[in-house]
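Novice: Top to bottom, those sequences are chains U and S.
Quick note: the first sequence, position 217, residue 217 per my numbering, numbers continuous.
Quick note: the second sequence, position 176, residue 176 per my numbering, numbers continuous.
No wet-lab data here; the hints were simulated from the structure.
Quantities reported herein were computed from a predicted structural model and do not represent experimental measurements.
Fair warning: there could be bad hints in the mix.
No copy labels: a pair is met if it fits in one copy or bridges any two.
With a straight-line cut-off of 25 Å between C-alpha atoms, the simulated DMTMM-like cross-links for lysine to aspartate or glutamate are [what the hints assert, rightly or not]:
#  : residue 1 : residue 2
1  : Lys44     : Glu189
2  : Lys31     : Asp183
3  : Lys31     : Glu203
4  : Lys16     : Glu130
5  : Lys145    : Asp14
6  : Lys190    : Glu246
7  : Lys145    : Asp113
8  : Lys213    : Glu185
9  : Lys31     : Asp113
10 : Lys16     : Asp40
Number of protein chains: 2
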Amino acid sequence: MISKSILKLIRSLDQKKVRKECGLFIAEGGKSVGDLLNSDIRCKYIIATSEWLASHTLPKEIEIIKAKREEIERASFLRSPQGVIGIFHQRNEKIDPTIAGTELCLALDDIQDPGNLGTIVRIADWFGIEHIFCSQGTADIYNPKAVQATMGAIGRIHLHYTSLPQLLEELKDKIPIYGTFLDGENMYEKRLEKHGIIVMGNEGNGIGNECAKHISERLFIPNYPIGRPTSESLNVSMATAIICAEFRRQ
Amino acid sequence: MISKSILKLIRSLDQKKVRKECGLFIAEGGKSVGDLLNSDIRCKYIIATSEWLASHTLPKEIEIIKAKREEIERASFLRSPQGVIGIFHQRNEKIDPTIAGTELCLALDDIQDPGNLGTIVRIADWFGIEHIFCSQGTADIYNPKAVQATMGAIGRIHLHYTSLPQLLEELKDKIPIYGTFLDGENMYEKRLEKHGIIVMGNEGNGIGNECAKHISERLFIPNYPIGRPTSESLNVSMATAIICAEFRRQ
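Modelling step: build the complete structure from the supplied sequences, incorporating the hints.
Specialist: As structure tokens, then:
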């Protein structure tokens, strides 16, 4: 049975302030919970149906709460709740920026929407980009919507919230720093390296000036036919998918 | 003022059955409404604040309903309502399938999520793919969430709901039919044509057998490093973005 205090904890994990205070976050569904249990993220509680528990073996340190499907449905943040909810410990990560000298990394400048953030983490996982630097204004990766959108990739990808302008300034003469701009160069005509940082900008305003001034490689994702007048733009997660694919193709 | 009957109409346009009966759909926000007013889709009602109306000139045949911002907020399906709602006439489109002999087209096999469908239409617009064939099981493009996700692209892209297996069977010996499969060929090593059909499959099950048997070019979007074991997959709209980008790059 889900006690009142656990139900209250689950509900409150929708708020960033509470998440920060208790250092916990919530993940739902077999795929996400399973991937997190297989990662180095530590689990505190598993709330699951007896069917789910019967088919999974869990480490002893996890507190297990057996619950009826209807109880889990009431506690869930999802529209189509599944038979399991996990409460996990946040990682408080710092990434050594010099990693960008040997690996390709992403940097996110004020990505606002948790769904976009989670989708970007999932794309990074697909393309083997393990490290993401986030500006302080970027959405919290432990927001339940962001966690959900990563589809378990959050267990494999490392995010570090930091001052992005300062980070880029320190790195700018040592590694290539890429960003997309409407007046950038056609990315298909540029040589793209296997290391460095790709900066992706805010949904409405793109890359802010404080970051933009440190970008050495200004790229453009061409539409088709190239130069066709369009009032359209690409959503930031679409743009990330296309640009990461091109880096990895090259 | 928004009358009770108009409010009822707006609310009911959330239901596919009602939309089909009255042949109408709803779009919200300046960008979407503006793009639709500039398309060949006919508008029936514009419900807007006096500020919005003061800065727009509308054709005479549109019935204009001036409303307070709070009224529009109450009527809106959006979390952050904007100052304008439009009610438009659906297009009932048929596309001649032979168009795929000269142009690149998409075919969607039971895409369930309206948000994914709308995002795919937006991607198609960016890459100059004007015609999309949809299976009967694909979400309704006039669902408010789908319309919203197209960000106005719905006015420029043509969708035709039809029996996809039958369509592909008719076309299969005449044009290349592409689809993505986990055991397909690396798409970066294939020659991709400027005409034909790219089939995208259902979120959970991929491309159904009835469509799959007519696909002549089985493609795979490689992850990175190629062959790295991964439990991940790509969301269907991400996969569409990456594959369309590669067709257009080539």
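Novice: Check each numbered hint against the structure and report the violated ones by number, ascending.
Specialist: 1
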